[in-house]
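Starting from the two chains in their separate frames, assemble the complex, guided by the hints.
Chains as they are written, first to last, in my numbering: chain A, 1 to 239; chain B, 1 to 217.
A few of these clues could be false.
No more than 25 Å apart at the CA atoms, straight line, and that leaves these computed lysine to any residue pairs for SDA-like [unchecked claim]:
#1 A:Lys173 x B:Thr119
#2 A:Lys107 x B:Ile120
#3 A:Lys129 x A:Asp168
It should be emphasised that the hints constitute simulated quantities derived from the structure, not laboratory data. Bear in mind the structure is a predicted one, so any value in this text is a computation, not a measurement.
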Amino acid sequence: MITIQDVKKSYGAAVVLNSVNLTVDKGEVVSIIGPSGSGKSTLLQCINGLEAIQGGTINVDGTSVHARGTNLNRLRQKIGIVFQQFNAFPHLTALQNAALAPRRVLKLSKKESHDRARVQLEHVGLGDKLDFYPQQLSGGQQQRLAIARALTMSPSYMLFDEVTSALDPELVKEVLDTMRMLAREGMTIVAVTHEMSFARDVSTRVAFFDRGMVLEVGEPRKIFSKPAHARTQEFISRL
Amino acid sequence: MSNTYFVGLSFQSLLFLLEGAGRTLLLGFCAGFFGTLLGLTIGWLRFQSRIAAAVLAPYVDICRSVPLLIQIILVNALLGVFGVYWNAFTTGLLVLALYAGAYFSEVFRAGLHSVPIATIRAGRALGLNGLQNLAHVVMPIATRVAFPGWVNIFLGTLKDTSLVAVIGYVELLHATQILITQTQQALIVLLGSGAVYFIMCAVISSLSRRFEIGIPK
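With the rest of the complex left out, here is chain B (with noise of 0.2 Å):
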């Protein structure tokens, strides 16, 4: 086979799949943080208030049922109808925090009635007040329960931004692709891309083992 149209595998190739893969942890990140901040908030809302919990439920249910392939699809469509052109990376943002925030509300949540009603009581009757108690007491101990359910969704996000590739964000998976239509070596590309993937929930996995052990539970 003449090599006209396709180019070997080479170092420059590694690169490209490891640049791939720091925008997947990019995306990863950013998307774990605001979906963190995020599902806290709306879990906390959710546990506090029956009201909140109703109004809140639909939105926790939609991004749970609806695949996120057809969520990123339809909210880049639906931003570009209301004339807002966003870059790739923004728009993926957006779409995996609000889809991470609707699962980890919900360990959060989990993580808040596992506190006992009588530990939550003894905090105030010392004399703190809720948002004392919150901070130093029912927070604590409803986030070391939630702890491994977190770390679950997280590490499932950091897999999920491979689903952004659709609109045009070039991580690890599209970067793969790109690789592979241009070597023509798709198993050893594929290896290659997946070993990257592993290694790098292996060393997120490993570091929250060794932060779990850390902390009395």
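Chain A with its partners taken away, still in its complex shape (with noise of 0.2 Å):
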């Protein structure tokens, strides 16, 4: 489970999450939508310790990930996250990117690891890129390389910050259809996403996110037809 609580972030003067609260059971699909510049991908770089916060705790599994002495590389490992922008490791090949932290973080033998790193590249599809280097391969395949890689660790957790907003059109739906799989297999995800459908049918509840916390939380159906907050139901006019 992981459990927000009163997080404060601020750069200098700029506030950034301004007393965060969300909990996110096992099994659960969250997305967190909301405008740009909200802070949300801030806060999914918090869950994992990847930014430090300046007030309140966030606990994974009952580890406070930003007390003194937690280990965050032991962290990490069980929480998987993909970025907006494509970051597959360019001199490595597909199977490399996605044995390297089997190999090296869990000390794994290169055959163990390799395996590892083929069954979940097969997994999300590129069962037939083992050997292609990430230049050679399109956007979306970045992005599932990515999801593979971070799959490996086998981690209870898998946070996507905005992961099809870098891509082509017609490259969404294969990134969102690796997600929705991952989500019908029972992962724990957390999405800050734009990708209305996705928020809609496939999270069990929607987080919207607005100037540094998070302003309503419930099921799509509610959040999108009945919102609470007057500028919920004005983010949800625009879309």
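In structure tokens:
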């Protein structure tokens, strides 16, 4: 379970997160929607400790992410994250990209790590691209590679940070389909997204995020048809 | 002209030149090796910390702004003042490695800056610790970017070994001068010596090109 309590973050005078509260239970798919620049991506990067926070707490399975003495490298093994920008390692093939963390972090043998990588790459439909370098793959394939790379660590949670925003329109579907597949398999997902079809059809809950805080959370049907807040309503109506 | 004082060109002359070329390669490769280690360390330190960047800036600036010839003569003289009597090879190696290290550090630093933050974060997000991320993600990407610049500096260093002749190291250029004095055949000896320099550098750059083609961008 991910518990986010009263989290505050600022860069100097600029407040990015202003008392964020949100919990994500095992097996949930939570979509975070809201205007650009409202701090959604920053929040995701706080969950696995890539970003520091100035107040509040984030707990993942009872471990406080930002507490002194927390082994972040160990914690990150159970939190997979995929970013908006493609960031496959350009010097490694698809197989090597996905095998790197099992090999170096879990210290598996070369064969075991390659086997694990192959299974996940096949799972996201890249079984025929094992020896391709990232620059030989389309944007959609690179994002699926990033998903497979995160899955090789057998994470309990997957965080998606606007993973389709940098994609050409015709490539969005293959990545969303991969995310839907993970959701069907019971993966716990927190997705910052502008894909309202995903938020509406796949999520168990939707959180509307605005000006550094979660304004309201609820079932997709409720958020999209009967939002409680005027600002949510305004955002939804402009879609 | 009688040949009382001068000797003619012979096979021996060629061997003499090649022996000088061997010393050029030895000094050049040693300086390139230690300079690379130094450059990697300093480039990384200056990339990593603002304090290190400020503290090490004068070293890089001095090495790059004072002519190498002056550095060699000064260091050689200063070592003597402090009672350190190294041979010309060791002194030359010290100066050349420091000099090349300053240049190398800048190309490595540029390489490190070329690695996207998102890629660095992606590595850490997988659970790699800082050192593992540096070794398996950051450095491999950075060195590919830095490689052409590295080859440039390495070839420069190889030719800069000729300046170590001023403190008595008999490398290719010094050997050439000796041969000219002995034979008075300046034109042909210089042509031969230039050809040897060219072949050495051409082989190195063609090897590096082949290496570069082999690595994915």
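Taken at face value, is the distance from the CA of Asp168 of chain A to the CA of Lys129 of chain A at most 25 Å?
holds, 20 Å
For the pair supplied as a hint, Lys173 of chain A and Thr119 of chain B, is the alpha-carbon distance within the 25 Å limit?
holds, 24 Å
Does the alpha-carbon distance linking Lys107 of chain A and Ile120 of chain B stay inside the 25 Å limit?
Holds. Lys107 of chain A to Ile120 of chain B sits at ~20 Å (cutoff 25 Å).
In the structure shown, no violation is registered for any of the earlier numbered hints.
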